[in-house]
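Trainee: Here are the chains, one letter per residue:
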Amino acid sequence: MFKRVLIANRGEIARRIIRTCRRMGIETVAVYSEADQNALFVREADQAFLLGPAPAPASYLNVEAVLEAARQSGAEAIHPGYGFLSENTGFARRITEMGLVFIGPEPHAVEAMGEKVPARNLMIAAGVPVAPGTTEPVQDPDLALTAAEQMGFPVLVKPSAGGGGIGMTVVENPEKLKGALKTAQGRAQRAFGSGAVFLEKYLPNSRHIEFQVLFDNYGKGVHLFERECSAQRRYQKVLEETPSPGLGGNDSLREQMGRAALEAAQAVNYRNAGTVEFIFGQGGEFYFLEMNTRLQVEHPVTEMTTGLDLVELQLRIAAGEPLPFEQSEVTRRGHAIEFRVYAEDPVTFMPSPGTLTVFRPPALSENVRLDSGVAEGDNVTPYYDPLLAKLVVWGEDRAEAIQRSREALENFQIEGIRHNLPLHLRILADERFLSGQYDTGLLSR
Amino acid sequence: MIDVKCPISGTVWQVLVEVGQEVGEEEDLLILESMKMEIPVAAPEDGKVAEILVEPNQPVQEGQVLLRLE
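Chains A and B are the protein sequences, given in the same order.
According to our numbering, the first sequence is numbered sequentially starting from -1.
According to our numbering, the second sequence is numbered sequentially starting from 465.
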């Protein structure tokens, strides 16, 4: 096992990785920007290196600065967390060239999944279901119209590069297609440096269900069941839970989706932890959406129900250990819900930087976990994403998890900035959520 | 003269208009970036861009005047 690991990230996920490293007797190296000098993760690591000024391109996205910190610290491996450099294959290659280990998949797998159009085609070849759509990027409005009419309106115009829903538009009718195509191309170009967009059939009232997979370096893989991520705003997840109410007790469908997730990962010779996202229609049909080639923000709900530590497994796999269990040995118990605590207005979803004059989490226990990057008095800057903390609650069943969540959320005090705890309490009072019959439109209707 | 104020602390990402340009109500004037989110700032009413007080990549504070319409 590694003696020393550098964490190329910040906030809650840096602390989360430090926690497991410490338990395993691995020394940790933090890297940070000028805006994070006093952050908890910097103080908790065994060593810390300043990368540069606050804006991410000068610090957390600065490959040279991170590699220099790795060299100076004597780290043997680098954990990229999520976001920032986690899916940057140039970064991963440089790490390998330095003789260090990148804790994640190999660059070819990240590249194969990085562009949506080629990834969809790869999945079709591997027999993994994908939603009806164009097999090539579309540019010409007339050809786009023909394709859209073939699959039937409404359709989604999606950038081939990138993710996170940026630049995605639903088009209800033929009149709006031309304008939407132009807007989406412009936004994709601005955000990802590539204006390539494609069309995909839009499934109304669909759910977003993803499967956690884990592969060792010897081709052996398992899935760790699903996570329901349908509670979203602006295509960004707000709350995740497992088991999925959308799948309910339908274990044969669950197994079928788990198998498809493994096939999707196998198609790119995947290694380490990854997540295969599916869109799940009202009739129980499911289609490959994308693969996230890194640890996910919402991994704690999987940990709370399976009892596994995903960061530990990532480290063991990266160090060359074989997967220590078979698919049949992966079991889970109870129900877990993760609430993303964002520095943002609970109604308009506008971000809200500022000073956390009060930050008092509820009582934590084996049923109530908090993955937090901040402490009372911290300044929440506009430079990075608005995620402050993740509250993760476990119960024997969904009803108990919801009840415990309500208590925990009511006893969570945050002041000084606008935050979305009121939104979470509203979701927990919403009939659609309580019945489990909700879809990705939950927060927009 | 109408002051168009910054709704949130962040950075100016793009300025979409020029001085002298006629703009309609709700037309986007510039785009801010804060916490990895694009935040368009729109014209509160019809007018003509009289003055632009910020430029791309400039950090801005909530309440700061970004541009003026007449």
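Possibly wrong hints are sitting among the right ones.
Claimed, not checked - No farther apart than 25 Å at their CA atoms in a straight line, the calculated lysine to any residue pairs in the SDA-like style are these:
1. B:469 <-> A:344
2. A:180 <-> A:344
3. B:500 <-> A:35
4. A:199 <-> A:130
5. B:512 <-> B:491
6. B:500 <-> A:63
7. B:500 <-> A:217
It should be emphasised that the hints constitute simulated quantities derived from the structure, not laboratory data.
Trainee: Enumerate the violated hints, using their earlier numbering and listing them in ascending order.
Mentor: Of the numbered hints, 2 and 7 do not hold.
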